[in-house]
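So for the sequence shown, this note's numbering puts the first residue at 4; every next one is plus one.
Please keep in mind that the hints were generated in silico from the structure rather than gathered at the bench.
Hints should not be assumed to be uniformly reliable.
[As the list claims (entries may be wrong)] DEER-style ranges, computed between Cβ atoms:
1) Ala-29 / Leu-83: 18 to 24 Å
2) Val-42 / Leu-95: 28 to 34 Å
3) Arg-21 / Leu-95: 24 to 30 Å
Beta carbons: idealized from backbone N, C-alpha and C, even for Gly.
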Amino acid sequence: MPAYLVHCSCPDSDTATRLAKSAVQARLAACATALPGAVSTYRWEGEIETADEVVLLLKTTQAAWPALRELLREAHPYELPEIIAVEIVAGLPGYLEWVASETTTPPAATPKDPPV
Numbered sequence: 004m005p006a007y008l009v010h011c012s013c014p015d016s017d018t019a020t021r022l023a024k025s026a027v028q029a030r031l032a033a034c035a036t037a038l039p040g041a042v043s044t045y046r047w048e049g050e051i052e053t054a055d056e057v058v059l060l061l062k063t064t065q066a067a068w069p070a071l072r073e074l075l076r077e078a079h080p081y082e083l084p085e086i087i088a089v090e091i092v093a094g095l096p097g098y099l100e101w102v103a104s105e106t107t108t109p110p111a112a113t114p115k116d117p118p119v
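Whenever a hint applies, use it, and build me the whole structure from the sequences.
What follows is the structure, encoded as structure tokens:
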């Protein structure tokens, strides 16, 4: 199953942590890494802007990507957030298998027999 590395710039650590926890809890990302200290320079509405940001890197699968994209978009405070997925073309096989297993919804628990 193809894996993706998703890049999402956040305005602060609290936002990055909130998005990371939501994505991992929903099993839409196996792991999320927040990298503080990013400084972005960009043109927005005709003006050159500079902003301190936290870069969030999420590891997911092709199958989970659409739902992850929507989760990030809906929960992100920016009007137009940077949410970019890049296909991982190579990696440690065991790690990529772990990403796949962590982004797959586990089967429903089977009910246990009632105590006698």
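Confirm or reject the claim that Val-42 and Leu-95 have a C-beta distance inside 28 to 34 Å. 31 Å, holds
Outcome of range test on Cβ distance (Ala-29, Leu-83; 18 to 24 Å): 23 Å, holds
For the pair Arg-21 and Leu-95, does the Cβ-Cβ distance stay inside 24 to 30 Å? 29 Å, holds
Comparing the model with each earlier hint shows no violations; every hint is respected.
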